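Chains as they are written, first to last, in this note's numbering: chain A, 1 to 202; chain B, 203 to 453.
No wet-lab data here; the hints were simulated from the structure.
Being a predicted model, the structure only gives us computed values, none of them experimental.
Keep in mind that a hint or two might mislead.
[Claimed, not checked] With beta-carbon atoms standing in for the labels, derived distance ranges:
{"hint": "1", "chain 1": "A", "residue 1": "Arg-149", "chain 2": "B", "residue 2": "Arg-262", "range": "42 to 52 Å"}
{"hint": "2", "chain 1": "B", "residue 1": "Ser-340", "chain 2": "A", "residue 2": "Gly-172", "range": "36 to 46 Å"}
{"hint": "3", "chain 1": "B", "residue 1": "Gln-243", "chain 2": "A", "residue 2": "Asp-63", "range": "25 to 35 Å"}
{"hint": "4", "chain 1": "B", "residue 1": "Arg-286", "chain 2": "A", "residue 2": "Arg-110", "range": "29 to 39 Å"}
{"hint": "5", "chain 1": "A", "residue 1": "Gln-129", "chain 2": "B", "residue 2": "Ser-428", "range": "39 to 49 Å"}
{"hint": "6", "chain 1": "A", "residue 1": "Gly-163", "chain 2": "B", "residue 2": "Ile-449", "range": "13 to 23 Å"}
[To be verified] If you want the footprint, here are the derived chain B segments under chain A, 3+ residues with CB under 8 Å:
{"hint": "7", "segment": "284-298"}
{"hint": "8", "segment": "396-408"}
Positions of the beta carbon are idealized from the N, C-alpha and C atoms, including for glycine.
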Amino acid sequence: MLSDVVIVPTGVANLASVRASLRRLGARSVVDADPVRARSADHVILPGVGAFGPAMQQLRSNDLGDALRERVGEGRPTLTICLGMHILCVDSEESPGVSGLGLVDASVRRYPATVRVPQFGWNRVEGPQSSGYLRSGYAYFANAYRLSRAPQGWDCAMAEHGGPFVAALERGDVVACQFHPELSGLYGAALLGRWLGQGAAC
Amino acid sequence: MLTVRIIPCLDVRGGRVVKGVKFQGLTDAGSPAELAARYEQQGADEIVMLDVSATPDERRTAFDTVRAIRGRLGIPLTVGGGVRTVEDAADLLEAGADKVSVNTAAVRDPSLVDALARRFGSQCTVVAIDAVRTETGSVEVVVASGVERVGTDAIEWATEVARRGAGEILFTSWDRDGTREGYDCEMLARVSDAVPIPVIASGGANSAEHLLQAFRAGASAALAASIFHYSETTVGAVKDYLARQGIEVRT
Numbered sequence: 001m002l003s004d005v006v007i008v009p010t011g012v013a014n015l016a017s018v019r020a021s022l023r024r025l026g027a028r029s030v031v032d033a034d035p036v037r038a039r040s041a042d043h044v045i046l047p048g049v050g051a052f053g054p055a056m057q058q059l060r061s062n063d064l065g066d067a068l069r070e071r072v073g074e075g076r077p078t079l080t081i082c083l084g085m086h087i088l089c090v091d092s093e094e095s096p097g098v099s100g101l102g103l104v105d106a107s108v109r110r111y112p113a114t115v116r117v118p119q120f121g122w123n124r125v126e127g128p129q130s131s132g133y134l135r136s137g138y139a140y141f142a143n144a145y146r147l148s149r150a151p152q153g154w155d156c157a158m159a160e161h162g163g164p165f166v167a168a169l170e171r172g173d174v175v176a177c178q179f180h181p182e183l184s185g186l187y188g189a190a191l192l193g194r195w196l197g198q199g200a201a202c
Numbered sequence: 203m204l205t206v207r208i209i210p211c212l213d214v215r216g217g218r219v220v221k222g223v224k225f226q227g228l229t230d231a232g233s234p235a236e237l238a239a240r241y242e243q244q245g246a247d248e249i250v251m252l253d254v255s256a257t258p259d260e261r262r263t264a265f266d267t268v269r270a271i272r273g274r275l276g277i278p279l280t281v282g283g284g285v286r287t288v289e290d291a292a293d294l295l296e297a298g299a300d301k302v303s304v305n306t307a308a309v310r311d312p313s314l315v316d317a318l319a320r321r322f323g324s325q326c327t328v329v330a331i332d333a334v335r336t337e338t339g340s341v342e343v344v345v346a347s348g349v350e351r352v353g354t355d356a357i358e359w360a361t362e363v364a365r366r367g368a369g370e371i372l373f374t375s376w377d378r379d380g381t382r383e384g385y386d387c388e389m390l391a392r393v394s395d396a397v398p399i400p401v402i403a404s405g406g407a408n409s410a411e412h413l414l415q416a417f418r419a420g421a422s423a424a425l426a427a428s429i430f431h432y433s434e435t436t437v438g439a440v441k442d443y444l445a446r447q448g449i450e451v452r453t
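Make the full structure from the sequences, and use the hints.
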């Protein structure tokens, strides 16, 4: 039996969808901002709907930055979603002057005006060759900001919207998704299942 | 590349789907959650639930309906109908909606769009615009289920809500709604040219070809109800047709 998945609140994220997707996989979740629990939990999810600046502020005020740095640094099971992926980066054009956790050596930028922004919908993801968790397929995106280049030290899945962008990153048991696995149908459920260590879902 | 989206719409009143649904093999043809799950299996890219409750008692059941759909649905859910305030939207998001759609309340008080975008982000904020053509060829906003003209140009209103932070526009031709004559593609082209955000086509769909026309006119997504509810076609069959026509769809 898995221990509860700890969901770290980042503000206004729609946690109901994340929790429902875990429930369908037979996993229980708790929403908890306690840094001790964020350190010790087997699986931690950093969801993200909202804006970069307020989300960083909330993480700092709950003293969660170091706990997340530690987990990600050690490659322990940590899944970050959309804005949650941006928070791992150095900074974001969405909230100039605010520093991210700096675990991914990249700056987050807005999509160019040549395409419709926000990007809403299903985009084709090309998984990395050497993948543990990430695969190719269609995933659901809802974002205006993205990483346009693969950062060093991570396996990258890529997609196209006004040029290439990073659809997801992985290193060890850390998976950072620009897309929403909880809203990506069977593709997303399979990824969550693999990340939770459910062999059958692979 | 980003694919076009096909969005079945469920009209729900008092917790039940109101338009007759004639699917084979449904245990409960009026259950929004069961129908939503069926559409996901067929390949729907998203679901819109429109609460058309007529009384406060009926409306209170909407949150339970959203929770029930969310429990089964692994794709995005937009909920609209009767959203008046930021708190209404917060309650729907908490119950399991991924996006909330506002219509009449935003026309009455446009600052509601700013307030929603500020609190939840543009990616949660959908503005539904119901429009009719006028005698002079312009396109005008209507509210209160199409009965009231407000004297606002629909293209200007679309531009304004985009500026105020709407993440997408659900654009319904009230002239075409229920006619099965196809979407008003000329109107769709005008609105999608005018705004930098995605536009969902709505009103009048009766065939896969109608959806193709909407996408060619610039729509990012197409909403349809009766053609799917009555099993005249399936989402999968529409996608096969679109793919043959060279439109990228999620498979």
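Evaluated hints:
1. Arg-149/A - Arg-262/B: 42 to 52 Å: At 49 Å between Cβs, range holds.
2. Ser-340/B - Gly-172/A: 36 to 46 Å: For Gly-172/A against Ser-340/B, whose Cβ atoms are near 59 Å apart, the range 36 to 46 Å is violated.
3. Gln-243/B - Asp-63/A: 25 to 35 Å: Violated: the Cβ-Cβ distance is about 44 Å, outside 25 to 35 Å.
4. Arg-286/B - Arg-110/A: 29 to 39 Å: Given about 32 Å between the Cβ atoms, the range holds.
5. Gln-129/A - Ser-428/B: 39 to 49 Å: 46 Å, holds
6. Gly-163/A - Ile-449/B: 13 to 23 Å: This hint holds: roughly 21 Å between Cβ atoms.
7. 284-298: holds (count 4)
8. 396-408: holds (count 3)
Comparing the model with each earlier hint shows violations of hints 2 and 3; every other hint is respected.
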